[in-house]
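Construct the complete structure from the given sequences, taking the supplied hints into account.
Line by line, the protein sequences give chains A and B.
By numbering that gives the first Met the number 0, the letter at position 273 of the first sequence is numbered 272, and the numbering carries on one by one without gaps.
By numbering that gives the first Met the number 0, the letter at position 252 of the second sequence is numbered 251, and the numbering carries on one by one without gaps.
Hints are computed from structural coordinates only; laboratory data are not their basis.
Values in this document were obtained by computation on a predicted structure and should not be read as measured data.
Where hints are given, some of them may not hold.
List time: in silico DSSO-like cross-link candidates among lysine-lysine, alpha-carbon distance up to 30 Å [unchecked claim]:
hint, chain 1, residue 1, chain 2, residue 2
1, B, LYS109, A, LYS117
2, B, LYS27, A, LYS33
3, A, LYS26, B, LYS27
4, B, LYS230, B, LYS206
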Amino acid sequence: MPVYDANLLAHEKLFDIAVFCAQSALKAPQITGKVELKMQILTGEDLNPVLEALTVLGRIDMFNFLSFATWQSAAAQGRMPVLLLIGADVRQSDLNYNCGACGFPTCAAFNQYSRSVKPPPYIMVKGPVCIWRLIDYAGACDWACAAAWQYNITNRIEIATGWAAREVGYLDECDVVHGLPLGPCTDLHWYSRDAVTAMMEYDIWLGRMHQNYPTLFGTFPGEGRPDLKIRPDWWTQPAEVEIKQIPLEQFEATYASVESDLKAIRERVKGLAAGQGKPGSGKGEKVL
Amino acid sequence: MPEIYMNDWPPFAPDDQNRREATLVAVKLMANAAQTAPNAGGVSQIEASIVYGYREQEQIARKMEEIGNTRYADTLLGRRFLYEAVMVRESDAVLLLGNFRAKDTPMDAKCGACGGRRDCSFLYSRREAPSGLIDPTRRQHETLIDGPLCGVRCQDFGYAIGSALWMANRLLVDARAYMTVGVAALELGYLRDSCICVGVLAASLAKNPYVDVNTDYHVINLGRLVDGVRKHYALGRQAGGDYRFSDPGLQAARARRREKRSDPQDDGTP
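What follows is the structure, given as structure tokens:
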């Protein structure tokens with residue numbers, strides 16, 4: 000009888016878990032009963048363009064870069080997770096609830112507004128969204144996560160990975176896409192992230208604390224000069240918060256580079272797809 | 000050993016209460032599951048209330064019927080309010096889940112969900128918000144829900160509902176989430192910090208009360224059928240004579256026995 004390497008098999012079978020998660024998402028009870036999920040599973044080299052897109056999007060939203068670092072750390076260990084993408088169309092309402100949750104008095108008014116707005120490139124969610132359709136979509140994502148949890152597979156539902164994947168062409172017809180990385184088979188990978196620990200030196204941590212919670216470090220403000228304690232001997236070099244307007248034009252070049260770089264990755268994925276039949280056909284047996 | 004006996008009939012009798020109390024335990028776990036659901040940034044934003052008991056559930060059901068028969072009269076949604084009111088009555092307990100951040104303290108993630116722009120301007124331009132802080136005292140609204148709401152918060156709200164339902168699923172308790180129940184509960188004053196609420200109905204019965212629903216469910220349902228039997232039975236029995244002196248049933252039973260004795264095929268084997 001053969002003896003199997005259980006560690007190796009555990010990682011190889013992550014694909015099966017992704018399928019279970021997809022089945023679970025499809026079984027999730029819906030309030031509207033009208034949300035159709037669109038899902039894809041990416042593995043191995045097909046993930047590379049998504050990771051690349053995460054670094055590009057990281058230029059404008061840092062959490063994308065954190066996700067990238069977490070993926071990269073798994074890749075460096077030779078234990079690449081499997082990615083389940085879950086998407087849906089939430090930009091139109093056929094519910095006729097006329098509930099007002101979207102900000103319009105009727106579903107017809109919402110639909111009219113929705114048709115009039117063209118989402119800009121590389122936007123996280125192609126809004127506006129019908130709140131009830133979004134809630135059902137989220138419930139399905141939750142059931143996918145819960146299924147992974149049930150199988151004791153570490154995971155994290157992420158807008159970052161879903162957004163990046165959509166930008167390079169996966170489920171690009173969907174208004175909202177979330178990614179559910181599954182694995183590696185270990186206790187913690189997507190929480191208490193070792194990849195982030197390595198990046199975040201003490202000074203960076205502290206700087207973020209000062210920026211995010213300035214009142215925590217404030218001195219007695221009665222003298223009219225609210226000092227911040229940013230070092231142990233704070234009385235020798237008091238600091239203060241300065242509020243200044245951000246000149247948005249300085250980011251225009253960054254935004255332009257994001258758009259062009261994403262476009263380039265997308266074209267590359269398209270090219271690969273043309274050579275292999277369809278996008279995401281890395282193993283030659285996947286469906287799209 | 001004390002015995003805990005369970006039987007779902009008659010409803011609300013002590014034996015049925017034993018059964019309902021077990022569902023109540025499950026619903027409490029569902030509420031906890033909603034709190035542990037994924038959410039953006041680990042921010043607390045879900046409040047829960049468990050409505051349990053004949054009078055309390057009846058109050059929600061009646062509010063749903065009021066909404067269904069007024070604001071949504073003669074529409075499919077109006078019917079849903081009426082049908083789902085029956086389900087509230089048939090449930091063992093109602094879990095109300097609400098999100099208390101979607102209106103007043105959005106995620107400010109510039110995600111585009113609310114208005115399709117790469118900022119939060121759609122939401123903020125429709126609220127009174129000095130210095131970007133939404134005025135929470137502005138509560139008046141004409142629609143069922145005071146929108147627009149933050150898409151990220153609503154996504155998280157969906158996760159919470161999903162986790163509550165998942166817990167019910169694991170515990171083999173029948174449960175479904177309803178917009179209609181949540182809307183009625185909000186109007187009754189439940190979860191007063193929340194701008195959006197969903198009612199998760201839960202029951203542990205032989206027949207899942209939330210599926211296989213017949214038409215005209217608001218007038219043709221188990222409660223009405225039982226009541227119909229009571230109504231007609233009382234009328235029908237009034238045709239009876241004085242049971243102390245003659246009994247047609249006894250005469251019929253004797254006739255059946257006589258017939259059986261004279262039957263040549265009957266060898267007396269039971």
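Status of the hints after comparison with the structure:
Restraint check: the Cα-Cα separation between LYS109/B and LYS117/A comes to about 16 Å, which is no more than 30 Å; the hinted pair holds. At most 30 Å may separate the alpha-carbon atoms for a hinted pair to count; LYS27/B and LYS33/A meet this at roughly 29 Å. Between LYS26/A and LYS27/B the alpha-carbon distance is near 23 Å, which keeps this suggested pair within the 30 Å criterion. For a cut-off of 30 Å, the pair hint linking LYS230/B to LYS206/B stands: about 25 Å separates their Cα positions.
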